[in-house]
Amino acid sequence: MSLGGALSIPKIETPGPTCQPDEEFKSNAAMEETIINSLIRVALVIEPKDKEASLMYKQALDLLSQALKVWPNANVKFNYLEKLLSSIQPSQLKDPSTALVQGLYVMNKVLEKKPHLFI
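Using the UniProt record's numbering, you'd call the opening residue of the sequence shown number 1 and step up by one each time.
Where hints are given, some of them may not hold.
Below, simulated SDA-like cross-link-like pairs (lysine to any residue); rule was C-alpha separation at most 20 Å, straight line [unchecked claim]:
(1) Lys-58 - Arg-41
(2) Lys-69 - Ala-99
(3) Lys-69 - Gln-59
(4) Lys-69 - His-116
(5) Lys-58 - Asn-73
(6) Lys-114 - Asn-73
(7) Lys-113 - Lys-49
(8) Lys-113 - Asn-79
(9) Lys-69 - Lys-11
(10) Lys-113 - Val-76
(11) Lys-83 - Asn-73
(12) Lys-69 - Lys-83
(13) Lys-77 - Leu-44
(14) Lys-69 - Thr-98
(15) Lys-113 - Lys-51
(16) Lys-58 - Lys-113
(17) Lys-51 - Thr-98
(18) Lys-77 - Lys-49
(19) Lys-83 - Lys-51
(20) Lys-58 - Gly-103
(21) Lys-113 - Leu-63
(22) Lys-77 - Tyr-57
(23) Lys-49 - His-116
(24) Lys-113 - Lys-83
(25) Lys-49 - Ala-30
(26) Lys-114 - Lys-49
(27) Lys-58 - Leu-81
(28) Lys-49 - Ile-35
Simulated from the structure, these hints should not be mistaken for laboratory data.
Starting from the given sequences, assemble the full structure and let the hints guide the process.
And the structure:
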């Protein structure tokens, strides 16, 4: 068998979706809310003490901004922030001022995309 000649690979039709990729999947309101509120939780839980944690924190805030831009009508809940701030005891490892600053950064990201929530 000589490889010098033209080889033709037969084309095999595979069944695929009949719609465009954008039409293939649509998230519902519950999914959007879950993703956004999970990103808020991640941003509030991470303590940006070292370089890696700081990068994760910034990534969570960036993803939160992107998610709020993609889903402007998603429901944002701040109850986790309230629980976090009210549950911090002075004896715990996490500094309350750090949690408060992180909460303000998260709220600022939401304010940039959804100012009507704060009026």
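Legend entry - Unsatisfied constraints (hint numbers, rising): Failing hints, ascending: 2, 5, 7, 9, 11, 12, 14, 15, 18, 19, 23, 24, 25, 26 and 28.
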